[in-house]
Amino acid sequence: MKKPLLWFAVLVMSMSAFLAACSGGEKSNTDDKKDNAANDSKPQDGGTMTYALDTEFKGLLNWNFYDTDGDDDIIQLFDDPLIDYDENLKAVPNIASWETEDNQNYTFTFKKGVKWHNGEELTVHDWVFALETIASIGGEHQRWSNVNTIEGAKEFNEGKADAISGLEAVDDYTIKIKFDKARVNNLENVWAYPLSRKEFESVAPKDMAASEQVRSKPVGTGPFKVSKVIPGESVELVRNEEYWKGKPHLEKIIVKVIDSSLTTGELKNGTVDMTPFHPTVLPEVEALNNVEVIRYPGLSYYYVGFKLGTYDGKKVNMNIKKYQNIKLRQAMLYAINREEWVAAFFSGLGKPVNRPLPTAHWIAADNGDMPVQYEFDVEKAKALLDEAGYKDTDADGFREDPNGKEFVVKFSHYATGNPTFEARAKALTQYWEEIGLKTKLQMVDVNLYYDQLEKDDPSLEVFFGGWGTGTDPDPLPLWGDDTVWNYPRWVNEEAQKLLEDAVDISVVGTDTEKRKQLYADWQKIFNEEVPALPILELDEVMAVNERVEGVIFDVSGPNSAHEWWVKQ
Amino acid sequence: MLKYTIRRILGMIPMLFLISIVVFSLAKLMPGDSLSGEIDPANTDPQYIAEMRDKLGYNDPVHEQYLRWISNFMQGDFGKSTRYKIPASEIIAERMPNTIFLGLMSLLITYVFAFLMGSYAGRKPYTLGDNFISAFNYIGLALPSFIAGVFAIYIFAFNLGWFPSNGSVDISLEQGTLSYWISRFHHVLLPAIVLGALSTASYTQFLRNDIIENTRKDYVRTARAKGTPEHKIYRSHIMRNSIIPVVTFLGIDIGLLVSGAIITETIFTYPGIGQLFLSSVTQRDYPVLMAITMLLSFLTLFGNLIADILYGIVDPRIRLD
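Going line by line, the protein sequences match chains C and Z.
Residues in the first sequence are numbered from 1 upward in steps of one, following UniProt numbering.
Residues in the second sequence are numbered from 1 upward in steps of one, following UniProt numbering.
Do not rely on the hints blindly, as some may be mistaken.
[What the hints assert, rightly or not] Derived pair list, reagent style DSS-like, types lysine-lysine, alpha-carbon separation capped at 25 Å:
| no. | chain 1 | residue 1 | chain 2 | residue 2 |
| --- | --- | --- | --- | --- |
| 1 | C | Lys206 | Z | Lys217 |
| 2 | C | Lys410 | C | Lys455 |
| 3 | C | Lys198 | Z | Lys3 |
| 4 | C | Lys351 | C | Lys380 |
| 5 | Z | Lys55 | C | Lys314 |
| 6 | C | Lys206 | Z | Lys80 |
| 7 | C | Lys160 | C | Lys115 |
| 8 | C | Lys228 | Z | Lys85 |
| 9 | C | Lys206 | Z | Lys226 |
[Claimed, not checked] Simulated DEER-style distance windows between Cβ atoms:
| no. | chain 1 | residue 1 | chain 2 | residue 2 | range |
| --- | --- | --- | --- | --- | --- |
| 10 | Z | Leu143 | C | Glu422 | 24 to 30 Å |
| 11 | C | Glu241 | Z | Lys28 | 49 to 55 Å |
| 12 | Z | Gly176 | C | His125 | 37 to 43 Å |
| 13 | Z | Lys28 | C | Ser136 | 31 to 37 Å |
| 14 | C | Thr55 | Z | His186 | 23 to 29 Å |
| 15 | Z | Ile70 | C | Glu284 | 47 to 53 Å |
| 16 | C | Thr68 | Z | Ile139 | 36 to 42 Å |
| 17 | C | Asp504 | Z | Lys28 | 41 to 47 Å |
Rather than coming from a laboratory, the hints here were simulated on the basis of the structure.
Cβ atoms here follow ideal geometry from the backbone N, Cα and C, with glycine treated the same way.
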C-alpha cells in the first residue's frame, strides 16, 4: 500500500507544480507549506476559499423560501438570522435581542446599522414583511407553523385583517410580538428571518420563490454577498466590506457541487478547501496530509424500531402483539455490539446512546443516569429471552415464541445507492441470530420504505430509522401519541404526560431546569421500555484544507464566515 | 419525400399519446412522492405536507390526474417542479444548453475519430495498426461509461491534472469572454470523450468492415483493372458507399444525445438534462421527470425519422414513398 501512495503523491505534486506553471492562478500545496513557517496564526486578509457540496443545491437562496439541504449551506454564508443558537442549542441574540416576562409578550430590539447588501438598513419592518409574506401564503408555505402562533396571523391569512395584530413596530429597531398564548417554546418556534422589503415589494408573495431575487440575485445581511449563481453548479460570493460584525478576511468564497465520489481526489488536489463528506470515506480523507478533519457533535441518532401498533390519522394505537414483550426488545439491544458496529460502518464516527436524543442537546440526560446501560452482553440477552419464554423447543437452533410457534424477526432497512447499507443491516441480523432469534432481512427502496412506515404497512415489523432533531428540543412531534412520526406507534401514558407537562407553561413556567428534569424522566421510561432500540448518535465531519484557518464548528454549525481566513 | 415525412410525423402523434400514458402510469407507480422520504420533523409540519399533497392533486383519482396533466402538457404547461419551485420547462431550459453542448462535442469527437480510425483500419486491414485500433475499440465497447468515467477522472483529472473533474465552467470568469469559452471547452472535453467513446468504437468498426467489404466488390476490381489510381478508387468508389450506414446513425444519435448523458453527467457533476433526470427520479419530482421522459421519447421518434430520411438522401437506391 505504501509504494503506490508515494508514487501517487509524487505525481500529484509534480502535476500541481505543472498546473501552477500553466495557469498561474492555481495554487499548489507545496508553495503554501513554505509560507506557513514564515507567519504565525495572525489572520491574513484576501484569498479565495472553495467549499464543496455533495448534493445539488436547488437555487432557493433565501431563508424564507429554501426547502432542502444544500441551499441552506449557501444561505448561511450571506444572510444572518436574527436569533442564533449556542453550543447547547439555546437561543442567543444575534441581530435581535429580546425580553419577555410571561412567554407570551416579547419585545425584540434590533442592532442599529445592520445593512442589507443593497445598501438599505435592516429594520423591524423587514421582519414584519417576512412574517406577513408567509402568513399571506398560509398553509402552502412550509414555515406557516412558525408564524401562525402569532396573535392575529390566522385572521390575516383569512383576509379578515389588514395586518397581523400581534405585531407592533414601536420604532425602526423595536418590535413587540404577542403570541396567541404563552408557550415554553414561542421564541424557538417563531420565524426569525427578515425579508428585504426593497427587494421584494413589487413581487407577489406566491411568485417570490421563483423570482430572480431568490434564485440568481439574492441579498442578505451576512458576511458575503452573492455575486454570481450558475444554477445547480456553483455560486460565487464576495466579501461584504460593510458586514456589521467586522470585515471578513476572505475575499471570495466559491461554493460548487461535486459528485460525492470526487471528494477525496478534489481535497487532495487542493481544488476543494472545505467539504462535508460521508462517514464511510473517513479513512481516505484522514490519510490526506493536506487536510484536517473537524469533528463536531451532530443532532441525529439512529434506532431500530418495532411496529407496536398503527396510526389512525389522529391517535396512535398500540395494537400489534408480536414485539410487545419488553424483555424481548431489551434482549435484542443487549445482543448488538454497538461499538464494533459503529467502528465498522461509520468509521467510528458515532457513539452508542441509550436514549432517543443526541447528547449535545441541552435536554439530554446524562447517558450514565439511564437505568439500563445495554452493554454488549450475549449471555444477558439469552437470559432475558429465556425469562420471557422465547425458547428453542424444536431444537433447530432458533428460539420459538412463548407459545411454541416459530418466531422470525422480520427486519427491514432502506436501500439507496449506498452499498454499505445492506452490509450494516446484515450485521445486525447476525447479532440477533447469535442469541437464537431467527432473522429475515429485507432491503426496501428508500421512498417506498418511508411510505410504508408512515402507512403502517404490515410488511415492516422491525425497522431501521434515524432522526435529526432541530434546535427545538421538544420530542412530542416524534414520540407523542397523536403524531404520524411516532413510527413505532408506542404509547405510554406516563411518558406522554411527562412530555405534555414539559411544554405546559402552567407546569414548568420559564424554569428550564424543571423542564429538563421532566425530559430526563421521560428518557428513563423510554430507556427501560425501548420501543425503539437507540443505536448511535452520529458525529458530523467536515474536511478542511490546512491552509484554511479560523473555522470552528459546534453542534449549531460553523462560526460566522467572516472569521475564516486562508494562509497565503 | 414530403408526403412520407408528413405521414411519419402524423404517425408520431398516437405513438406519443400512448407513451404519455405509459410515462404517467410508471411515474404514478413509483412509491412515495416529493413530499415523502427522510423528513426532518422538527422543520416540517405534517399539516403542511397534507395540505401540499391535496393542492398538488395527489389525492385525486388517477384518471383525473392524468387528464389534467396531459391537457396542460399539450398547452405547453409542463407543471411546476416540486423541488425547484419553478416551472419544469424553465428548469429544463436552464440545463438544456449544457447537454446540447456536451452532446455536440461528443458527436464531433465520435465522427472525427471514427472516420480517421475507420478509414485507416479499412484501408490497411489485418496490419499492426488495424489490430491496435481494434483492440482499442473492443476496450471502448467493453467498458461501461460509468467505469470509463471514473477512470478518466482518476487519471486525467486527479493524477495528471489535465482536466477539471466537475462542473461546466469556472464561475469566476466573466460570461462571454474568450477565457470563459476556453473554460467551457476545458470542462466539457473529458465527459464528451467518455460519452463518445462507445459510439466511436462501434462506428469505427462499422466503417472498417464496410470499407473491407466494398474493396472486394466487382466495381472496385474493375476500376483497379483499368488502372484507376488507388487513392481515387478509395475516394469515389469505396468511401462513398461505406459512409452511407454511418451517416444514417446521425439521426439516431439525436435521441441518444440527451439520454446517453445521464450517467456521464452525474459522474462529472455536469449540470445538464441527464443529471436533472436522475435527481428528479430520486426526489420524485414528477413534473420534471415526466417532461424529460416525454422529451426523450419525442427525440427518439424524431431521430428515427431523420435517420430514415437520410437513408433516402445518401443512398439513391432506397426510395421513400
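Each hint tested on the structure:
no.: 1; hint: C:Lys206 / Z:Lys217; result: 70 Å, violated
no.: 2; hint: C:Lys410 / C:Lys455; result: 17 Å, holds
no.: 3; hint: C:Lys198 / Z:Lys3; result: 59 Å, violated
no.: 4; hint: C:Lys351 / C:Lys380; result: 22 Å, holds
no.: 5; hint: Z:Lys55 / C:Lys314; result: 21 Å, holds
no.: 6; hint: C:Lys206 / Z:Lys80; result: 13 Å, holds
no.: 7; hint: C:Lys160 / C:Lys115; result: 34 Å, violated
no.: 8; hint: C:Lys228 / Z:Lys85; result: 20 Å, holds
no.: 9; hint: C:Lys206 / Z:Lys226; result: 80 Å, violated
no.: 10; hint: Z:Leu143 / C:Glu422: 24 to 30 Å; result: 26 Å, holds
no.: 11; hint: C:Glu241 / Z:Lys28: 49 to 55 Å; result: 53 Å, holds
no.: 12; hint: Z:Gly176 / C:His125: 37 to 43 Å; result: 39 Å, holds
no.: 13; hint: Z:Lys28 / C:Ser136: 31 to 37 Å; result: 33 Å, holds
no.: 14; hint: C:Thr55 / Z:His186: 23 to 29 Å; result: 25 Å, holds
no.: 15; hint: Z:Ile70 / C:Glu284: 47 to 53 Å; result: 49 Å, holds
no.: 16; hint: C:Thr68 / Z:Ile139: 36 to 42 Å; result: 40 Å, holds
no.: 17; hint: C:Asp504 / Z:Lys28: 41 to 47 Å; result: 44 Å, holds
Comparing the model with each numbered hint stated earlier shows that hints 1, 3, 7 and 9 do not hold.
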